[in-house]
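Residues per chain are reported as follows:
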Amino acid sequence: MIKFNNVSYNHPDGTNALNNINLDIPEKSITAIVGNNGAGKTTLVKHINGLLKPSTGTVSIKNEDTRKSSVAELSRNVGMVFQNANHQLFADTVKNEILFGLNNFGFNEEFVKERYEFVIELFKLRKYESISPLKLSGGEKKRVCLASVLAWNPEILILDEPTVGQDELQKTVLLKFINQLHSNKKTVIVISHDIEFLWRLQPNIVTMSEGKIIEIGNSESIFKNQKLMERVGIIPPQIIKIFEGLGIKDKIPLSFEESCTIIKNLRN
Amino acid sequence: MSVKELIRFDNFSFRYNSRDAKILENINLSIKSNEITVLAGPTGCGKSTLLRAIVGLIPNMYEGEYTGDVTVDGIKIRDAEIKEIAKRVGFVFQNPENQIFMFSVERDIAFGLENLGLEQEIIKKRINKIMRTLNITHLAEKAPHELSDGQKQRTALAGVLAMEPKILILDEPTSLLDPKTAAEFMELINSLCREKGMSIIIVEHRLDLVLKYADKLIVLSEGKIISDDTPENVFNYKKDIIPELSVPFSTKLYRKLAKNNMKFTKAVTGVEDMIREVMK
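Protein chains in written order, with this note's numbering: chain A, 1 to 268; chain B, 1 to 280.
Chain A extracted, bound-state conformation (with noise of 0.2 Å):
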């Protein structure tokens, strides 16, 4: 679906951004990104939607050489939610910040009205359909780029970030649509230093650093892997630091229940 092929990036000043990258994401896959600051994550997830084009080797989406096209055509296919959300938001209210993906891609009326709104109802945005988003909290601003974005069902869908200054329920409500999204056959896309959220989502997981692609691999392999975690700059999630101290490292429990049998029955 998505394939990098020997990929460089130079920033115009020259400095060396992304370097020799291969990956290969495959349709109706969740990934995460994650990496040290400065690693090269949001750089390579640009160059998804064509807002970077590679200084050496190719970047295709379905087969389609990404410097064919423009950012226009492909951000039908690919909708970015940005890490900022100042970087995003422009439109007066936010009822026309959602609109105006929808009505510039050209959608009929009924299409518009139904996914309209879908997205307000799932994002609680209602009470403030008529106020500037700017004038919103930092954490409402990220929920109404979310919906901006998927308002217009996007086949690729890359998210910077999305759990920054989202509380629990709002986390919750993110974590159930990425899998809605999965199941209705969605290529997910996640960047994010929020460790506990991954382990919840568990993705495939690529790690990065210095601009190179490190390793890749399963939610557990990855986050089992000390040597590397320290190499990428990332924390394992509570769970497999708690059960690594408790000395069990070679079956780390998926889910919440099965975490709280597992320690009653060594108490007992």
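Treat the hints as calculated values from the structure; they're not laboratory data.
Worth double-checking, as some hints may not be accurate.
Said to hold, decoys possible - Now the stretches of chain B that chain A is said to cover, found in silico as 3 or more residues with beta-carbon under 8 Å:
id, stretch
1, 23–33
2, 65–75
3, 147–158
4, 172–179
5, 200–209
Note that the Cβ used here is the ideal one computed from N, Cα and C, for glycine as well.
Got chain A sorted already, so can you dock chain B onto it with the hints?
Frame of chain A; chain B shown alone:
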């Protein structure tokens, strides 16, 4: 170190002119020196408003209906000059880019000090001292865009700490940092608090990162304080907690197990507590 009350809210309420309902209602609290307070609560619960009321942005920059009193280090915020408040309270924003604007790290740190009207020699001394403390001396000549996010966060913190405030406010300070850098940042904040006897208030959703340093956890919901106690007492399994709170995994486990009659010597607020309790 003698402990002193540095922040006090007495029956404080506030309503923004742009909104119909009060954003904060009847807030009473007391925050002391040599203490780290974590402020948590759902999005839109009034956390930022509470911080604005401490630093004097309310009522100076945001208009609205103000009742009750906020007292910071003995001065009443409602009548105080911004300059008087700025000497006492440092504020590090969520996004350090909103805060760093000079052309070098050193100039950026100098900016606040010059505004205080200090002598050049004193300014120089303070800059050098704070750059050493935060380990950014080697960045003195760098421009903001040459810094990593972690370095930007430290620079923003340096600019604030150079003014030697008694009170430091951090609004989601670790949200842009990778977990390792975030943990280092929190260690630094903790040692600053204990060395200088500062009062530090941290707004943070990711409680797993900050709880082990917290003396107090204040939970706000719909404009009211619903908990104001040590993290152990707030999370005691006999107490209800609101579902919006991102309770650390270890605490969630403890609450569930304790409710099912497993015995604990105290409430669990971190990984180490949990391992110790189970191994007993």
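Now for the hints, and whether the structure bears them out:
{"no.": "1", "hint": "23–33", "result": "violated (count 0)"}
{"no.": "2", "hint": "65–75", "result": "violated (count 0)"}
{"no.": "3", "hint": "147–158", "result": "holds (count 3)"}
{"no.": "4", "hint": "172–179", "result": "holds (count 6)"}
{"no.": "5", "hint": "200–209", "result": "holds (count 3)"}
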